[in-house]
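Residue numbers (this note's numbering), protein chains in the order written: chain D, 1 to 329; chain B, 1001 to 1255.
If you are wondering where the hints come from, they were derived from the structure by calculation, not from laboratory data.
Some hints could be false.
As the list claims (entries may be wrong) - Some but not every residue of chain D turned toward chain B, in silico, with C-beta under 10 Å:
hint, residue
1, R45
2, E81
3, E93
4, L133
5, L174
6, K176
7, W292
8, L294
The beta carbon of each residue, even a glycine, is placed where N, CA and C say it ideally should be.
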Amino acid sequence: MIKVEGLTKRYARTVAVDNISFEVEKGQIVGFLGPNGAGKTTTMRVLTCFLPPTNGSAAVAGYDVLEHPIEVKKRIGYLPESPPVYPEMGVAEYLAFAGKLKGISSADIRKRVDEVLEKCAIGDVRGKLIGKLSKGYRQRVGLAQAIIHNPDVLVLDEPTSGLDPKQIIEIRELLKSLAGNHTIILSTHILSEVEHSCERVIIISQGKLVAIDSVANLTNRLRGSESVALEVETAGGNPNPSDVQQRLEQVAGVSRVVMKDSKNGRLTFEVESLQGRQIRPDLARNVVNAGWNLSELRPVGLSLEEVFLQLTAAENKGASPAESEAAKQ
Amino acid sequence: MKLVFLICKKEFNSYFTSPIAYLLMAFFGLIFGFGLYTATRDVVRMGFQAQMMGQAQPVNLNDQIIRPLLGFASTVALFLIPMITMRLIAEEKKTGTIELLLTSPVKDVQILLGKWLGAMLLYLCILGMSAIDIGMLFAWGKPDWRPVLVAYLGLILQGGCLLAIGEFISTLTKNQIIAGGVTFFVCLLLWLLSWFTAFDSSASAQVVNYLSIVTHFDNFAKGVLDSKDVIFYLSMIFFALFITSRSMESLRWRS
């Protein structure tokens, strides 16, 4: 659905996007991840024909962004970083304007406006001026604008910024419901966002592609050792924290034990295993055998956050297995 | 064409959702009314003086009131135009709504034509305020309506020209104040040029005079409809809109 090849965008002095290539299949939700200034917005602007590429090409549904911009724009819904709304217009009025702008006939426009108002849960403010709305509502009006013409491809630049947790969950649900028929690219620097709603992740840093893979693969690939959170109950200074720590360190396969916390009668440790060792059963047995009350034992997966930091840090050093794999793609 | 009207309508409406349209209309109506008052006062006073010397002549409304009045209106318009055009594109760039326009399946030409037409409509509404005063002259006098119509046509053409230039300047910046200031400066310059070259007959002055948007209005004010002037204005409008479209396209490459 989306095909980007050797895309480079150079501003006056800086290279914002440097030779990026990727493809997105129809119906996928892809997360576009990177620190601030990585080139996420620039790439999206090229895809939406807002900016022309300096080098390379980008195509949406087989139409090149430079050669057939109108065809591309018909098939794309775009929510920029700050929602492109006119504060002096009413919500329904604005959506009708945006819809007609995108080629919806006046006969259908009412129905479409009602549909997106409902989908984005903004029906209750349909008559209000956009300038009077809160950031979260404005964001959702922006999203409604992006989906009003039922585009094949949705390009969303940080769709959940400025929303409260409940609204974020609603947007996630909305995106998931849209996923089947629409191809969605969303950019974010909130990693849990990607873990929740995306099937694939494209990580870029300083304009370069760092990794492109599924969320599960990325976390697995970087998780060599197991990390376990362990909590022991104490009463009257018994057992002694250092005793527990010593005992845990002696368990076979443990590489490191860090005490995290000791309050409210609970001692919390984080235990890391050696490469490829299962340590949880042994840990539990040891704690129980010593006569202590084991209150919690759970694996701590490597979060996408850590994956991301590892990848982007490796990128800065200039050599990592992840990078060479990404280069192959 | 449908998209042009869509953008035109949106643009026109947004003038009226802010105080700017009402302010400009009130301002123009007030100034024009004051102009009518002074013009008639002078005519009446001169009439009395002539009568006392026994040389009374009938008042020619067209020559003595309407013509100077509409000439005055064309000058006032120079000061209003920047306030109409300064927001056209600069505001969209500032608030980011330009991203909606430029990523919708709309051609740049449709955007800038729509915006220009929207500004034109507001300008017509502002000019409409003067119809109240002119209407009074028709109600109580019998001026010839044909030169009045020609003068209005001149006002509309001159306004269209300046609005197109203002729109071009608005594409150059995202700061409305700068867009308005520069447009005002250009209008002022055009006005001053027509003053400076009025009594100068050197070749360079003639050229400057010919290019000045304001001097071409003089014929219209006299009630003379000369195709030379109409073509001048139309080609200036076309040229200004053309460089606006070039500038819009370069927005993509520059930003």
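Hints versus structure:
no.	hint	verdict
1	R45	8 Å, holds
2	E81	8 Å, holds
3	E93	9 Å, holds
4	L133	14 Å, violated
5	L174	20 Å, violated
6	K176	24 Å, violated
7	W292	59 Å, violated
8	L294	55 Å, violated
Comparing the model with each numbered hint stated earlier shows that hints 4, 5, 6, 7 and 8 do not hold.
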